[in-house]
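J.: Protein sequence lines correspond, in order, to chains A and B. For the first sequence, counting from 1, position 255 maps to 255 in the working numbering; every step adds exactly one. All you need for the working numbering is the position in the second sequence, starting with 1, plus 255.
Check before you lean on any hint, since a few could be wrong.
Restricting the straight-line Cα-Cα distance to at most 30 angstroms, the calculated cross-link-like pairs of lysine-lysine (DSSO-like) are [unchecked claim]:
| hint | chain 1 | residue 1 | chain 2 | residue 2 |
| --- | --- | --- | --- | --- |
| 1 | A | Lys216 | A | Lys90 |
| 2 | A | Lys216 | A | Lys119 |
| 3 | A | Lys238 | A | Lys90 |
| 4 | A | Lys238 | B | Lys301 |
| 5 | B | Lys296 | A | Lys238 |
For the chain A half of the interface with chain B, some residues (derived, Cβ under 10 angstroms), not all of them [said to hold, decoys possible]:
| hint | residue |
| --- | --- |
| 6 | Met1 |
| 7 | Ala22 |
| 8 | Trp24 |
| 9 | Gly54 |
| 10 | Ser66 |
| 11 | Trp68 |
| 12 | Val112 |
| 13 | Gly114 |
| 14 | Ser222 |
| 15 | Arg226 |
| 16 | Val241 |
| 17 | Arg242 |
These are computed hints drawn from the structure, not numbers from a lab. We put the beta carbon where it would ideally sit given N, CA and C, even for glycine.
Each chain, letter by letter, is given below.
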Amino acid sequence: MNPVVRWFHQLGSPPYFDRFAARWAPWCFGLGVLVMAWGTWQGLFVVPADYQQGDSFRILYIHVPSAWMSLFVFALMGLYSAIALIWRIKLCEILAMACAPIGAAFTVITLVTGSIWGKPMWGTWWEWDPRLTSELVLLFLYLGVIGLYQAVDDRRNAARAAGLLAIVGVALLPVIRYSVEWWNSLHQGQTIRVFGESSMDPSMFPPLAAMVIGTKLWFLGSLLLRARADNLEREAGKHWVRQRAGDETALEHTP
Amino acid sequence: MNYAGYVAAAYAVFVVVLLWDLILPILRIRRTLRGVMLRVKRDAAKDVPLPTELQR
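Please model the complete structure; the sequences and the hints are all you need to start from.
T.: The following block contains the structure:
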């Protein structure tokens, strides 16, 4: 069997996934923190202030990557849920449900930091603007997925029901993305383009790129950690979890 | 730096939410493993024969 395919199959095994997540999550967090620390330092102290917004523009270095993550995580949750529903892969159910709180966290950051930026720039903390409102609906969808997953006792049925909501919710993502073009919006249009010329000054771009990469690494670490927690809870009665609990307790008591 | 208060507040929110995102699953894993360990100890204690009327 192809080694990549074999590794993919092995990853579906709960004990193997537990070892994998325990090993790689700290690395993802560590790298993510390092990259974000560099991006934050550059964004706060090195890049010059914007000629119109002054230093308040520095908020975009956390607001924009978080907003992108809120959309990306929801899309990924929808994808994992679809795979879990079609092929009944238990690990995909776990990964899909682990996405929800992380995505909700990034959505909260997006809404709060946007609101903090809006006060000095727009003169208001909140406006029922299409972009802001659709992002708020995204937060409610995340909360709906989390709530539905917690409301059903059977973990597998709960993941399937919440996964279905996640798949339906993916329809909101293009609405958020194109809301600034479809409706008359107070929120600014697209300034950063992956393909094509961005209207952002090139000197402002490196910290943003670092924050985008850093948040992705952080997400990966958090996804592994949360999936590991859910996996352990589901498998709590199994022999391998007892063994792992013994190992971890022994490690904790080692002087 | 102008708007320093707004910038500081935004970065503080970012750090606090990410810390919450980190700490919560770590606590969950520890709680689960501790619960499993306690169950293992309870099960082991059950296997030890208790002194009963018959033994006396």
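J.: Is the shortest C-beta separation between Trp68 (chain A) and chain B less than 10 angstroms?
T.: For Trp68 (chain A), the interface hint is violated, since the closest Cβ of chain B sits about 14 angstroms away, which is over 10 angstroms.
J.: Hint Gly114 (chain A) vs chain B: min CB-CB distance below 10 angstroms?
T.: 9 angstroms, holds
J.: Is it true that the CA of Lys216 (chain A) sits at most 30 angstroms from the CA of Lys119 (chain A)?
T.: 28 angstroms, holds
J.: The hint names Val241 (chain A) as touching chain B; please verify it with the least Cβ-Cβ distance against 10 angstroms.
T.: Interface hint status for Val241 (chain A): holds (6 angstroms vs cutoff 10 angstroms).
J.: Could you check if Ser66 (chain A) really has its C-beta closer than 10 angstroms to a C-beta on chain B?
T.: 7 angstroms, holds
J.: Taking the closest Cβ pair, is Arg226 (chain A) under 10 angstroms from chain B?
T.: Holds. Min distance 5 angstroms.
J.: Should the hint that Arg242 (chain A) touches chain B count as held when the rule is a Cβ pair under 10 angstroms?
T.: This hint holds: Arg242 (chain A) lies near chain B, its Cβ roughly 5 angstroms from the closest one there, short of 10 angstroms.
J.: Taking 30 angstroms as the top limit, are the C-alpha atoms of Lys296 (chain B) and Lys238 (chain A) close enough?
T.: Given pair Lys296 (chain B), Lys238 (chain A) holds - Cα atoms ~15 angstroms apart, limit 30 angstroms.
J.: Sort out whether Lys90 (chain A) lies within 30 angstroms of Lys216 (chain A), counting only the CA atoms.
T.: 24 angstroms, holds
J.: Is the Cα-Cα distance between Lys238 (chain A) and Lys90 (chain A) 30 angstroms or less?
T.: 16 angstroms, holds
J.: Closer than 10 angstroms between Cβ atoms is the bar; does Val112 (chain A) clear it against chain B? Give me holds or violated.
T.: 5 angstroms, holds
J.: Against chain B, with CB atoms and a cut of 10 angstroms, does the hint on Trp24 (chain A) hold up?
T.: 14 angstroms, violated
Violated hints, listed in ascending order, are 6, 8, 11; each of the other numbered hints is respected by the structure.
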